[in-house]
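Participant: These protein sequence lines map, in sequence, to chains A and B.
Just so it is clear: in the first sequence, position 49 is 68 by the numbering used here, and no numbers are missing.
Just so it is clear: in the second sequence, position 189 is 208 by the numbering used here, and no numbers are missing.
It is worth saying that the hints were derived from the structure and are not from the lab.
Incorrect hints may have been included.
[Unchecked claim] The calculated DSS-like cross-link candidates involving lysine-lysine, where the alpha carbons are at most 30 angstroms apart (straight line), are:
#, chain 1, residue 1, chain 2, residue 2
1, B, 74, A, 74
2, A, 315, A, 224
3, A, 272, A, 175
4, B, 74, A, 315
5, A, 315, B, 313
[Said to hold, decoys possible] Here are a few chain B residues that sit away from chain A, every Cβ distance over 12 angstroms (derived from the structure):
#, residue
6, 25
7, 31
8, 32
9, 47
10, 82
11, 104
12, 123
13, 149
14, 166
15, 170
16, 181
17, 221
18, 331
Even for Gly, the Cβ is constructed at its ideal location relative to N, Cα and C.
Take a look at the letters that make up each chain.
2 protein chains.
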Amino acid sequence: MAVYTEVSDEELIDFVAAYDIGDVVSYKGIAEGVENSNYLLQTTSGSFILTLYEKRVRESDLPYFIGFMEHLAAQGIACPTPLQSRDGTTLKRLCQRPAAIISFLEGMWPRRIQPFHCAELGTALARLHIAGSSFDMQRKNGLSVRDWRPLYESCKARAHEVDCGLNDILALELDHLETQWPSALPSGVCHADLFPDNVFFLGDKLSGMIDFYFACNDFFAYDLGICLNAWCFERDGSFNVTKAQLMLSSYRKTRAFSEEELHALPLLARGSAVRFLLTRLYDWLNHPEGALVKPKDPLEYLGILQFHQQIKCPGAYGLE
Amino acid sequence: MAVYTEVSDEELIDFVAAYDIGDVVSYKGIAEGVENSNYLLQTTSGSFILTLYEKRVRESDLPYFIGFMEHLAAQGIACPTPLQSRDGTTLKRLCQRPAAIISFLEGMWPRRIQPFHCAELGTALARLHIAGSSFDMQRKNGLSVRDWRPLYESCKARAHEVDCGLNDILALELDHLETQWPSALPSGVCHADLFPDNVFFLGDKLSGMIDFYFACNDFFAYDLGICLNAWCFERDGSFNVTKAQLMLSSYRKTRAFSEEELHALPLLARGSAVRFLLTRLYDWLNHPEGALVKPKDPLEYLGILQFHQQIKCPGAYGLE
């Protein structure tokens, strides 16, 4: 939970005056999100999200993220749309930060994942991948296989503080991933952070996806691996094959995946586990005292990694 | 900023089903407030605040707080109104906590106080005091003169960590306040925590007051002292007599105060400064590491106390 930048009422009123969205009647900082400051803004014409982009987001990446949201919305994908101010721009500045007003998306993210959520998610992710194919900007994934070793190097002296065997496990796993990582697979724009708190539902229907601030060009199947890890493991660490099967098969109904993708899935899921294990480990070890955001447990992703390490073929995910 | 209790989507939907406010379409934890967990809840019929009462609020006090809000709303005072569920109750339970849905109040609290804010506040406080006279429940102020010494005793061994002279200043001041504190003055229900973040404005008009969870029966002029301290000092510690004069004279136009109240004001303002100095000192010294809420600076209130110590008569507040 986080609001890093305090916006004053006067600054906000000035900022909103550049848009055709009526007058501000209320705004409240939202205790969700880790990277940016978000306010729920209410005006005489409705509800909006005001986002101030904080230091962890590179300013040069913002046109890609904002552009991708605009592109998806234009393709009919349910996601927040950056609003254009009267001068036609979507990205402005507020309190010395890049800032945007984004449309408000109804729905709630599911705290307890049920199989139907995974089925809905599979379809939505496939639609997102297809819709992204006509988006012409590029952004390299800054947290892919080549980026993991530097992260590991910066953590390895203290990895034993989290788990005594973690250092060796990561060293071996990185060797494996670096040699086995595929060089070519169907790819395009990935969400790359589609955790349950970024997917909203109304009743049993997915109502939209949010938080495109890790979006990047990468293998589609890697994005699926991220979702598999984020949605199909229970709190006790067990893998729910029913959820996985529903997610993957509903994805496949919308965007068929190739033999190569299917075959690579266990490796990509391992890579995705390592990506979140390493960033959580880094945040855990470098967590400033008194920080507003509680770091997430890296060991959750060690368990997920170890599950995928013993997978021999994608049949273990409920696919034939 | 704080959301202490995480409410799941399923629990929330069940909870809201007991009310006639339509279906939930969104809810977001609000990064404001220190004592309780607050969510901004949107349903098919509008916006509401869901409050879960946390441990610092005594459950036995809730009927008084809720009752007072209902009473004020019925008297036409702009404040949040607790909603009745279908069974007629306003206070229910959610996630093992007492919980209520409260009407949503439009407006923004002022970050930079201007004189007109103080004029508006004076009128609103006087109207609140008058409206409370027909409220028949009682609640003793748990943070008044008799409660300061125990707080001081629990802090004095470490008060020097905050300021080397603080211990002596507080010891002398408590002696003075305990002997001089008035035994009888016009009294009734006070808000007792009417800081700028609890008062909303739309443009230059006060749109409502919130957060009645310190409300109690006490001297009206003590409530004024709290407001004087919270609204009329600049960030550099200087006292803005224009603001004070506007606040007090607009109060007086709505509820005339007696000679005794006027005379007691400097002492009551000192007491109010000690009350916030002590609770801030306590929170500062007992701030758990990694807590979600950053403690407020006690020394701000030491400066305010020292200002009032050298006041000889209420004329210093701009009154004749």
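Participant: Next step is simple, just say for each hint if it's right about the structure.
Facilitator: Do the hints match the structure? See the list:
Distance check on the hinted pair: residue 74 of chain B and residue 74 of chain A sit about 35 angstroms apart at the alpha-carbon level, beyond 30 angstroms; violated. Between residue 315 of chain A and residue 224 of chain A the CA atoms are separated by roughly 28 angstroms; this keeps the pair inside 30 angstroms, and the hint holds. For the hint pairing residue 272 of chain A with residue 175 of chain A, the CA-to-CA distance comes to about 42 angstroms; that exceeds 30 angstroms, so the pair is violated. Restraint check for residue 74 of chain B and residue 315 of chain A: the C-alpha separation of about 25 angstroms stays at or below 30 angstroms, so the hint holds.
Restraint check for residue 315 of chain A and residue 313 of chain B: satisfied, since their Cα atoms lie roughly 21 angstroms apart, inside the 30 angstroms limit. Distance check on residue 25 of chain B: its Cβ comes as close as 7 angstroms (rounded) to a Cβ of chain A, failing to clear the 12 angstroms threshold; non-interface status is violated. Not every C-beta of chain A lies more than 12 angstroms from that of residue 31 of chain B, the closest at about 8 angstroms, which undercuts listing it as non-interface. The beta carbon of residue 32 of chain B sits about 8 angstroms from the closest Cβ of chain A, which is not more than 12 angstroms, so the claim that it is off the interface is violated.
Separation of residue 47 of chain B from chain A is inadequate, the least Cβ-Cβ distance of about 5 angstroms not exceeding the 12 angstroms criterion. With a closest Cβ-Cβ approach of about 27 angstroms to chain A, residue 82 of chain B is found to remain outside the 12 angstroms limit, as its non-interface label requires. In this structure residue 104 of chain B is separated from chain A by more than 12 angstroms, as the shortest Cβ-Cβ distance comes to about 20 angstroms. Residue-level check failed: residue 123 of chain B sits 8 angstroms from the nearest beta carbon of chain A, not beyond 12 angstroms.
Non-interface status of residue 149 of chain B relative to chain A is upheld: no Cβ of that chain comes within 12 angstroms, the nearest being about 27 angstroms off. With a least beta-carbon separation of about 29 angstroms from chain A, residue 166 of chain B lies farther than 12 angstroms from that chain, consistent with its non-interface assignment. Distance check for residue 170 of chain B against chain A: the nearest CB is about 24 angstroms away, which clears 12 angstroms, and the non-interface claim stands. For residue 181 of chain B, the shortest C-beta to C-beta distance to chain A comes to about 17 angstroms, beyond the 12 angstroms cut-off, and the non-interface label holds.
A cut-off of 12 angstroms between C-beta atoms contradicts the statement that residue 221 of chain B is not in contact with chain A; the least separation is 7 angstroms. Residue placement check: residue 331 of chain B keeps its beta carbon more than 12 angstroms from all beta carbons of chain A (closest about 36 angstroms).
Consistency note: the structure conflicts with the earlier hints numbered 1, 3, 6, 7, 8, 9, 12, 17.
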